[in-house]
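Undergrad: Letter by letter, the chains look like this.
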Amino acid sequence: MDVGFSMSNSGPGQELAFEQAKRVIQKFIQRQVFAESKDELGLVLFGTDHTKNPLAEDGQYQNISIYRHLMMPDFELLEEIEHQLQPGSQHADWLDALVVCMDLLQKETVGKKYERLNIALLTDLNTLACADQLDVIIGNLKKAGITLQFFLPFPVDADAEGDGGGDGAGPQNPPPGGKGLSREQKQGLEMVKQVMTSLDDEDGLDEVHTFSEAVKKLSIFKPIERRPMAWPCQLTIGSSLSIRIIGYKAVCEEKFKKSWAVVEAESHQKDDVKRETVFCLNDDNETEVEKEKTIQGFQYGSDIVPFSKVDQEQMKYKSDGKSFAVLGFTKQETIHRHHFMGNQVLKVFAPKDDEHAGVALSSLIHALDRLKMVAIVRYVYDRRSNPQVGAAFPCIKQKYECLLYVQLPYMEDLRQFTFPSLENNKKFSPSEAQLSAVDALISSMMLVKEGEDGEKEDIFKVNSIPNPQFQRLFQCLHHRCVNPGTPLPPVEPWLKRMLDCPQAVSACCYDFLKEMKRCFPVKEVLQKKEQKTSAVVFGKNDEPEAKKLKLDEQDKFSLGEISEGNVTSVGSVNPAKDFHTLIQQKTISFEQACEQLTHRIEQLLGNRRTEYYMKTITCVQAFREQAVKTSNAELFNNYMQSLKKRVPDWNLQEFWGLLAQDALTLISKDEVESSSVSKQEANQFLLFEENVEAAAGPTPEDGGDVDDLLDMM
Amino acid sequence: MADWNAYYPKEDDEVEQEEGEESVGDYKSSGRDSLVFLVDASKEMFIKGEDGEPSNFDMTMQCVRSVYTSKIISSDKDLIALVFYGTEQSKNPRNTFKHVYVYHDLDSPGAQRVQNIDSLRGEEGAQLAAETMGSGQTSLGDALWCCYNLYSDIKLRLSHKRLMIFTCRDDPHGGDSTRDIRARTKAADLKGTGVVIDLMHLKKPGGFDVSCFFCDIVSPPEDERELGLQLEPCGKLEDLKNRVRAKEMKKRVQSRLTFSLGDGMNIAVGVYLLVKTATKPQAVRLYAETNEPVRTKTRLFHTQNGSLLLPSDTKRAQVYGKKQIVMEKGEVDEIKKFDDPGLVLIGFKPMDCLKLHHHIRPSLFIYPEEEQVTGSSCVFTALLQKCSERNVFALCKYTSKLNTPPRFVALIPQREVLDSSQVQAAPAGFHAIYLPYADDKRTLDVHDCPTASDEQVDKMKQIVHKLRFRYRSDAFENPVLQQHYRNLEALALDMCAPEAIEDFTMPKVKMMDDRLGPLVQEFKDLVYPPNYNPESKTAAKRKQADAEGAVDKKPKVEISEDELRAHVAKGTLSKLTVPVLKDACKHFGVRTTGTKKAELIEALLAQLN
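Protein chains in written order, with my numbering: chain A, 1 to 713; chain B, 1 to 609.
Quick caveat, the hints were computed from the structure, so don't treat them as lab data.
None of the values given here were measured: they were computed from a predicted structure.
Treat the hints with caution; some may be incorrect.
Dumping the calculated DMTMM-like pairs for lysine to aspartate or glutamate here, alpha-carbon to alpha-carbon at most 20 Å [stated by the list, open to error]: (1) B:322 to A:79; (2) A:399 to A:369; (3) B:575 to A:39; (4) A:316 to B:502; (5) B:441 to B:458; (6) B:323 to A:74; (7) B:251 to B:416.
Here chain B stands alone, though its shape is the one from the complex:
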């Protein structure tokens, strides 16, 4: 397995790779997101709250930091900038604006930037901010103009532009109408280029009055759903602080295929993944001395003469029944080819024919592609509606790509679902469920088991009832991934220890015990005899096994040379156990690198033949 896969990446890897490339696939949603934090640095921002509450500035930095760290993991290509206004010092690209301090230019965030922000937090942070930037005159108009320039300097395609103003002053210019007007004009300019301006108004004694100035600056809410200004300041901040450590996936079509209903009736569909096991991001190999990434090159050599072998200089082989069978690489691919890529309708079956155990891979999602074949959506919609009404699924033969053997899938209809606020909770389309072949089912020896009495079942029903909860598919975070991301964060930001994770997969034992109360004991009394302990039984067994193992860890196994040769002659070497084979290898002085059975046998055969 190893040598083959190392050279030709596994199918799965290819899929992975496909997702990484953003250039192919759906062009509509490409481009990067961008976000500019425009933060007020006036004295008011640094005033600490009562009861030692952190200052508004401190809270803002917390928010900014969590957005940075979230972005790094979810979509590290997005651009973020941090700009302060109302500062004493100025720092901006052409230094044309006074009292505007561009702390971070519009760029993708990294560890350094997070550390910079860390240094602005807390007591020392406030001091540092006072030293480097200070507080001075305010001109929001200049600040917005500066941001405008930041955007126009970016040569990349941006899909979404957003500017967030953090301030606790509802009248920043103190009634200076010229500066107010100037700010409004610049805000209009920005909005004209597609930038969405958002306000994060912070706590202010006496309340923050949006209507007095900022209502003319910010973008109007996109629709009723976005409550925009009505939100309590804290609520929005909490939202921002809520850190999401999950890689955001751009909506991309996996492939576009023909869906053939038969007799030349073809429509076009796109295949999407709505669920896919998220894995740790790929590791990169670095040169230890400089920490720069290295590339890997794999080459094939001829062992005898050392010449470089091209792929065409090799063939593929398998050994069956002591015979090597050789094929060309092209033939190996050809064997896998049955049909051209596509979905072919076989027929329909009632929904109850799809059993729970018909599951071998996560499902796909199928949606029409009107751009490829006009009329597809209409046929698709009709099919979807009727399948759903009649409670049937469509059985299809699915060939995902060239030189791939077919699989059968059940297309189950999914009508569009909207949530209470009219947002799409589930899109309309077909879910394609992979169906197992005969080879994928395993035969198990089932044995008769006693059936529980009604009394026992009823007791268990009470237990089940006590432990009811509402399952939501997004309620569980993957602790392995979360731990990995936190470790990475800790290393990148030179933290002494990674942030602790909450492992949602662990049962809340204490809570469960409390809820169940005496029920557990009552149930146990009903089903278990007094001295029965389900835990001790296996434990005892294992201990016993361990004890035996300790006495005679390696049972001596030996086999005579004659016997061995007989096995070789008959091709029955594989009937021997691994320890016997290892022993035999030692006996004949065969050096083996592997410990797998096949490798041992190969080595022995080489020696004895």
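Only chain A is shown next, with the shape it has when bound in the complex:
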């Protein structure tokens, strides 16, 4: 990474190239740490005030220092980068730095097994590099099989546009500072192109990235790495026909690799906590008995039958090992989609090196495909596992063909419940008008749109969304690690956005939903018996009464708030009222009360739904009222201003519109003397410039698969 003088010098209003580059590195290391990647990495800084590298001699390779040697990344490194990495005031030749990196890679990979060597160079190219050795360097890179990536503050074609247009700045990609590239940068860029294209003729320039695009893509934490395990077996049909196959898990719910350890609250030591499980009789004294004196039993009607583990093991069903045996073939339509069992899908191929098996399997796949049939098979993973009955579907893709295996239910797994008929019930059957309202709604909410060229485009692909649970966990872990002692951050806006109805759809279905609401009278019923729960059932909490006991402390707390009594903080049920009460009671300071209220406002806004907006509006109203009453305009105005800034990011345009309707604007001088806001400013405050929205948040998922890029790093 270039930390030289120019990196921390940029035009007004521009983020320092140094900070950008630092963030790219941080994000990258974060991903590596959380993906528990075994990749090692080192960090070489150039443009540093001092020199620390083994090649430095006789004034050569000056101002380049190795910050960290090749090893697995950890949080220590992250913290060091966060707190210790400082910009330097010198310049260094980036080609020299490259040589130091190559040297580092070569020396420190001796005796190690590796798949790939890569150097990522982050610089603004503002230092003139000495091109004498360029050919030698390229030669050595090729020889050592080292790949190269450049990260620059400007796009690689900025230069070309500059030449063509004459003003040096394309409309979409303005280079930093709004001015054209310096002479050094242009020259450097030429050299970058030369290096990259000579390493890879065609796609070399694909590995030159801008800082901002890299940060955006790196924001998504890397999914946990899993190598597919091959399962070799034989597909058998009858006693004499068998085909060698290899099965792979193709789809399987990914769970956390790590679990939470229980540690002592003070010492944070796992070893300080000891778990003890004791067995006791069901008598008054709860007499404890030793584990060795207990055996296992099973309920048999009203009796309990002792059935020791050993006996169970001996008497249990034993399968004869691995199997993928065809029981018969049946029509595809007899297999119901909702009868898929288990939690995985297997793909079954022929072994790579066995073309005869390939041909045999291919005949089966094509035969099934043409007859629209499936094979019902007995699948046993290994000797110790239970047999399954499942269906093997033919799957023919452009690139490959295989069988898709899914488990099917056993008789014991099916539950024959009957439900009252819906369509034959006059009370529930919808009218023509109602049906057409639904029809219109469906049309307006189609997520797959056919383009002009007949190409179908899916605007909400679930299988390209990263599991939000992992993203959120890593975000929180990282936050806790880097900012200890502070509360956890809210869910990142891009993640929330990704999980919501795409704007394109929610915008155009609005009218049709209105029509639906008009057509269908729906009314919430409060049941006498379950009054307490029903109140929360709707949109809040569906746990039945008996389960209440199990709720964790947090919920008990909020339950406590719901129950009548003195108000001690701004609760979630009626925050505005609580706020008023608190101000009157004066148990806590005005500032504290405001803070609690704004906290609730943020929570409510986080839901981004109309029903919550109304509640939020009453909160803002209460805030404003009390602020005017206590002549404390500053707090309210500041908060509103900060809220406005977040409107595009949080997608709060609708909410802002409601605020405008109610004219809940800033408190002006006219209302509270101490306010620094004029009446006119206040009036204009609620107008929202359209262009702000347009500039906001480009979608993070655009531009290819994130991993393709980052796996190269």
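Here the structure of chain A is known, so what remains is to put chain B in place on it, guided by the hints.
TA: Showing chain B alone in chain A's frame:
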């Protein structure tokens, strides 16, 4: 993993538990079923059939036994009683009735009862019955009255009451009209309290004439579907003897949720499970000396001072990048929270967007809850109808409960299906299919494979054609469960060996070979070269591997202390293999309890740091 889950049961366990509790959930179908067997013990019942066929009494006992054993497994809380009438001896609660012998009171069945019935079977059984009960005068009226009392003594809520009369005499009172009338009155009383009376008429020389007496006793058939009396006696008996060893599940709603269509348009739905992997029932721990169940208590202690730790005295931690990150239990839950529980409509997609491989968990079933939000059913029905007509599914975000991250589900419409006799075969509603996230898909290296020629495919088509069958989802029993239940039965009833199971998952190789005939060889000739043997190849490989393993079972792996320390310093210990790590542990005298890689590394780090 282990230590965390042991204290806080896994999510799955919780679901399991939920199902066990019958008090929560759907109240409508709660209560227990009850069944009284009223068996004729007259001399006629003990007459053996021609050709050594078992007597009617013997057959009845067989039936009763199989109902007992089925009930024990399917719904062990149901109540069953066995009452004999027309006996010499009398035995009933207040001994007010002559010639009525209550053999088993109305109670949930257990092993003892099954053994009792076993003792009444066969030659010796008949003898035992003659000794204990004998045959005497018949008064069906008294017997029915006695049964009436059995029912009224039960304080539990009963959802279904049924009485089955087993007899081979169509005129039990021999024309005594007073006793006939008395029996009719008592039968009417019973029916008045909701008891359904059923007749199991057994073989009688000359045929059993229902119309002569019993038509006034039994309950009229509920509807045309139940053929009732028309059934041949044997048919009904066979039905009873057919044993079902599957746990019956009461229809229960998993949760009631809001289904939000957007813009505050909310309806209420219930989530049900129509398929769920059935597992062996939970084992109970018993005290070996008395066989009484014991409870487990789990407590947390402070290792240093031995004090009891409350959950609030602990925090949760994970280690990433050599650093321990600590959070409160509440925070760990908070991290998992995204939305309130519910279904949120995202949009619609054509059905062909739902691919076969979009599968990670068994599906759910969604049905409207009119009781929570009136009008829900109408909206739901309209949606169902239109989705089905347009062949689209609804894509929804699904948050199952508090502090659970969202999953996306495809709601596929299911119209009601009735079978030939107008019985519901599939209820109307939406099936919710779980969709995988990006992380759930695994990237596989696919390789080019040769494609079969038309000739080869056609040959295979013939094979496929020969082995066609009609798949029914309930055709396969789980052999593991069936074996378990039979083992349990054998142990409980002191049988010398468990009944054999039929393993439906095994291919019927012989039959398949016969059907295929020469086709297999023809196909093999088309695709395999003459000396190719798909089985031998892997077998040979394994043998080779085994042989190598035998010579040098444990390849000596060693690592110098310096190297090890270098790895420790760089945090690259995990790059070493388990044998190397184990070896290193031995070398440094590190005692490890675990054999997992992470445990070995932890132990080594503790030693070397």
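Undergrad: It remains to establish, for every hint, whether it holds in the given structure.
TA: Structure-based check of each hint:
{"no.": "1", "hint": "B:322 to A:79", "result": "holds (12 Å)"}
{"no.": "2", "hint": "A:399 to A:369", "result": "holds (16 Å)"}
{"no.": "3", "hint": "B:575 to A:39", "result": "holds (10 Å)"}
{"no.": "4", "hint": "A:316 to B:502", "result": "holds (14 Å)"}
{"no.": "5", "hint": "B:441 to B:458", "result": "violated (34 Å)"}
{"no.": "6", "hint": "B:323 to A:74", "result": "holds (8 Å)"}
{"no.": "7", "hint": "B:251 to B:416", "result": "holds (18 Å)"}
Taken one by one, the earlier hints fail for this structure only at number 5.
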